[in-house]
Structure formats: structure tokens, C-alpha cells
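A.B. asks: Spelled out, the chains give:
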Amino acid sequence: MGWLDKVKVRLGIVDAEDVEEEDEPRAELRVNPTNREDRPPLDDVRAAPKESIEDALAAREAGNLTEMRRLLREMDRGQGLRLVLRAAAALEAKDERELGELMPRLHKEEQLWRLLLQIAAALDEEDGRAAALRARAAKLGAPAWALAWCEAMAANPETRRRGMVALLFQDAALARTVAARDWALTGAEIDAAATKRYTGFVHGRDSIRRFGATLVAELVERIA
Amino acid sequence: MSRATLSLYELDRPALQQLSADLKRVLADDDRAAFATLLELGPDLAKRLDEVERLVDCFLLPDSDVRVAPLHASLRRISKKRALTKMMESSDAALEGRLRGFEPLRKDASTARLLDQLMNPQRLPWYLRRSGSTCGWIDGNGRTALTQAMRRMKSALPPELVELLDGLEQLDADAVLHDGL
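Chains as they are written, first to last, in our numbering: chain A, 1 to 224; chain B, 1001 to 1181.
You can take every hint at face value.
Straight-line alpha carbon distances no greater than 30 angstroms define the calculated BS3-like cross-link-like pairs of lysine-lysine that follow: (1) Lys-1047(B) - Lys-1024(B); (2) Lys-1107(B) - Lys-1154(B); (3) Lys-1024(B) - Lys-139(A); (4) Lys-139(A) - Lys-196(A); (5) Lys-196(A) - Lys-108(A); (6) Lys-1024(B) - Lys-196(A).
Simulated from the structure, these hints should not be mistaken for laboratory data. The structure presented is a predicted model; accordingly, all values stated were derived computationally and were not measured.
Using the sequences and the hints given, assemble the complete structure.
C.D. replies: Below is the structure:
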């Protein structure tokens, strides 16, 4: 991951997993000195996972929870969405031993606010849980645009409207993209300037939704 | 098709900030009467607001959309009325090209940065940006620094840049450059 990608991950513009997945083909185009057979292997360097979250979710949707958990273990890089889904799967299976191993890493999650907002957006409900997750994300320093975006996707119509107005003033390109994609507002157009940020956030929200947002919400309640 | 020419405006920044706050409030409250008053809409246009589900929807559509183009235009008109005073309109469409490519002026990094800021739409509120337009803002300190840098090389400047310099020298506050207001 280059310095620019690291900055993007820190600012919450993209997921670390997305950057890692993007890096792989570019790296293959270059002469890679680590591929030389006459050199000893580097310590602590792990190959990028071959499996994707999509594979794990497909296994889940096919009812194969054992295979899903195997895939999530394989692809876990110690942080981000993969770690969270692996832990949520352990919670679902009541596997307290594995969950106990993962919790210390979850406590260190750098962008917990991002995860909380993705869960809130995935919940699709008007009860207080989504609002509580947004409030918790705000306390953890979630940027104003991310909070506004999450509110713009809330189930409550007034929260949605106020969130969208806040987002329009924070990031008009993103507001118009959300209007086109999530609100399906007739005539609204996706703004290319916001596409990457939109995709990065929505990938997490949709993955959590497919996995089961309630279960993931239950997991993050355990993270102090 | 003739190219738009750039105009230089003096910005009353507190007035524009107040307009933004007023606009944000009426959109968040979905207060149609207050919105119509804020934008000084005529009765016909105000009545058309009843057709939209939410006021904010109007500004989520492109300003080229015929359904909302008059509202975008009204908002820009009110912005000018409350916060922007036109000080100069370039007589030459080549001004933008000069600002982007006149090497003697851009050789100094800080001057080049100010020129880029003056043509960076992201520095203006969303409602002052039009798709495809050139626009931007610099604060009073930046305007003074840019004016001084241009004055130092006035004899070498082409006429369109001299015209801009004359405009900048009349300003006493922040500067906005725009080709679509």
C-alpha cells in the first residue's frame, strides 16, 4: 500500500481491504525482487488472500456456514471488515474461544466509527439502535460528511432529509451520488468525483447487510 | 459558440456565510414559505415548489435540469445581490488561458497557487458552482499578495491580465472570479 492509499484509508475514503485488492494486479506488472528464488523468504509477509468477502457471503447465502467461517478465517488480515465479519460469524456460532482471540484486535480497530456508520446504514430500521450507533461514531471522531451521509440513508424521513441537507453542504458531489444511487431520485446523476468514496463505504454497508446487520450490531456492542 | 468571459467580484464573506446558514436552515426544515422568501421567488415559481417531495431534492438535480434550473438561477441571483459586487468583466475570453499559462506570472510558486485558487470551483459554496464553469475565491490577504505580484511585472503583462490587475486594485476584500454568475 503506497502512502497515498494509506492516507485515504486513514481518512476513511477507502477500505484497507479495497486498496489491498487493487494493489495485487499492479504489483504483478512490476519486476518483483521478492520473487527471486535464490533469496530466503521474508519474515511476516503474507500473500494477499485469494478469497473475497463476496465468496464468504455467497457461502453464507447457500447455507454453508462452516465454509463461510473457513473463508473468513483465510482472508482475515487482522483488521477491517473481514475481521469484523469473522468475529460476527464466531458470535453467531457461539464460538467464544475464537471470539475471545479476535476481541483484542477489534478493540484496536482504527476506524471503528466507519464500521459503526456502516452498520447503522445497514440496519434499515427506525428504532433507536441506528441513532445510537451514529452518536457513538460521532464521539469517536467520525467526520461530518460521513455522519451526514449515514443520516441521509436513515429510515426516518426527517433524519434522511436533514442528513441530506448537511451532506449537500459538506460534499455536494457525494450528496448527488447518494441521491442518484440510494434515493433513486429521478434525474439525479452520479458525480464521478465522489464515486470512489461512495463505493468504498457502500461496499461495507452492503456486505454487513447481506451478512446480517443485527448480528454485527450485537458484536460491536461488545466493543467498549 | 462564444466562450464565457471571466468576471471579478468583491465578496462580502460574512454575508455569503449568512446566506448559506439561512439556506441550510430552510432546506433542513423543508420550509417552503421561508425558502420562497429567501430566494425572492415569484408566485408562479413558488407554487411549483409544491410539486417536489422535499425542497432539497431541487438541488440534488443538475442545474441544467429544466425543472430546477430557475431555482438554481434564483439562488445565484440572490447570492450576487447579498454578497457579491461585480468589479470587472473581462473584455477578452483569453483571460483564463493567460491565467493558466502565462509563464512569467506562474514562475513564482505562491503566485501560481493564488491563481489556481482563483480558478478552483471547490473553494466556493456548492450553489455558486455551475457545471463546466471556471470559478474560485481568494481571501483579502491572497488578493493583496496577487495584486502586488502582478503590479511588479505590469509592464510585461498582456492586456487581458492588466485589465484583471486594474480590477483587483479596486477591491478591498476577498475576490471571486467567475464566468457563470
